[in-house]
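If you read the protein sequences in the order shown, they are chains A and B.
The end of the first sequence is residue 156 by my numbering, with every number in the run present.
The end of the second sequence is residue 156 by my numbering, with every number in the run present.
Don't read these hints as lab results, they were simulated from the structure.
A couple of the hints might just be wrong.
No distinction is drawn between identical chains; accordingly, a pair holds when it is met within one copy or between any pair of copies.
Computed cross-link-like contacts, BS3-like style, restricted to lysine-lysine with a CA-CA straight-line distance of at most 27 Å [claimed, not checked]:
no.: 1; residue 1: K55; residue 2: K123
no.: 2; residue 1: K55; residue 2: K135
no.: 3; residue 1: K75; residue 2: K123
no.: 4; residue 1: K130; residue 2: K55
These figures come from a predicted structure and were not determined experimentally.
Number of protein chains: 2
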Amino acid sequence: MFGNMESAPDMTALMPGQLLARGVSRHLASLGWATVEELVPARGLRVDVMALGPKGEVWVIECKSSRADFMSDHKWDGYLEWCDRFFWAVDGEFPVDLLPEGTGLIIADAYDAEIIRMAPEDKLAPARRKVMVQKFATHAARRLQALRDPGAGLGW
Amino acid sequence: MFGNMESAPDMTALMPGQLLARGVSRHLASLGWATVEELVPARGLRVDVMALGPKGEVWVIECKSSRADFMSDHKWDGYLEWCDRFFWAVDGEFPVDLLPEGTGLIIADAYDAEIIRMAPEDKLAPARRKVMVQKFATHAARRLQALRDPGAGLGW
Numbered sequence: 001m002f003g004n005m006e007s008a009p010d011m012t013a014l015m016p017g018q019l020l021a022r023g024v025s026r027h028l029a030s031l032g033w034a035t036v037e038e039l040v041p042a043r044g045l046r047v048d049v050m051a052l053g054p055k056g057e058v059w060v061i062e063c064k065s066s067r068a069d070f071m072s073d074h075k076w077d078g079y080l081e082w083c084d085r086f087f088w089a090v091d092g093e094f095p096v097d098l099l100p101e102g103t104g105l106i107i108a109d110a111y112d113a114e115i116i117r118m119a120p121e122d123k124l125a126p127a128r129r130k131v132m133v134q135k136f137a138t139h140a141a142r143r144l145q146a147l148r149d150p151g152a153g154l155g156w
Numbered sequence: 001m002f003g004n005m006e007s008a009p010d011m012t013a014l015m016p017g018q019l020l021a022r023g024v025s026r027h028l029a030s031l032g033w034a035t036v037e038e039l040v041p042a043r044g045l046r047v048d049v050m051a052l053g054p055k056g057e058v059w060v061i062e063c064k065s066s067r068a069d070f071m072s073d074h075k076w077d078g079y080l081e082w083c084d085r086f087f088w089a090v091d092g093e094f095p096v097d098l099l100p101e102g103t104g105l106i107i108a109d110a111y112d113a114e115i116i117r118m119a120p121e122d123k124l125a126p127a128r129r130k131v132m133v134q135k136f137a138t139h140a141a142r143r144l145q146a147l148r149d150p151g152a153g154l155g156w
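Just chain A, with the same shape it has in the complex (with noise of 0.2 Å):
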């Protein structure tokens, strides 16, 4: 019975952004790459989904399921520093052109995504790197240990 339950997961508990999310994890899974959401890169930011590439690049992707959730948004350019390149994630109906220049754009919904516009790359420095792979490997870690083993108590 779990494991049906596990195959059924409840998609209502997910808000707009995530569904998005979903869908750009599942796509860049399918070019080999690694994706995580939520992850921390500096006190105060949050990005909604940081993808590892078998080489080590370092992709950060704002899903926005909105031009509201997009206006509010006073953050993003804080991201940069953070990755090799940054995309939008936002569903079809999205008015794209708002999106500032310089950034990719990648259109997706619960179930795929598809890169329509590569963004330009900004290399992050090797020790800057090396951080990151390490948090995201952490974090990783962290929320999987916390799924398998919920009784464990952990903090994260």
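Use these hints to put chain B onto chain A, whose structure you have.
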């Protein structure tokens, strides 16, 4: 209801060695380390627990539930080149005199663990450490995604 089932995982589904791995992972989490299970450092090798420290330290912990389990392992010395320190994790009944010199010892049960003898350090070369942190990150994120989004049909 799903939430309740998540908080009451089916311990009977875990093998004795996996119960030890759970206790080891809980203890290492309390020290600020992150862990994953069953990572493959190289073809033909699969470590029980790989732990990642705050500064990128890499430990391997092999969990042995019995004398027979230990005696049938002919691969353990192949793990040494993939970590800074190598440990055995066994329960309180295990005949620890069997264990080879130059390895660490952790006494564990399903709920917690204690490091009894620190393993000697043989530091990874920087290039290999980078590879191992990348493998750890990818392994953890893919397992996490498979649990969070079982409908994605991920092949890992």
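For which of the previously enumerated hints does the structure constitute a violation, in increasing order of number? Per hint list: zero violations.
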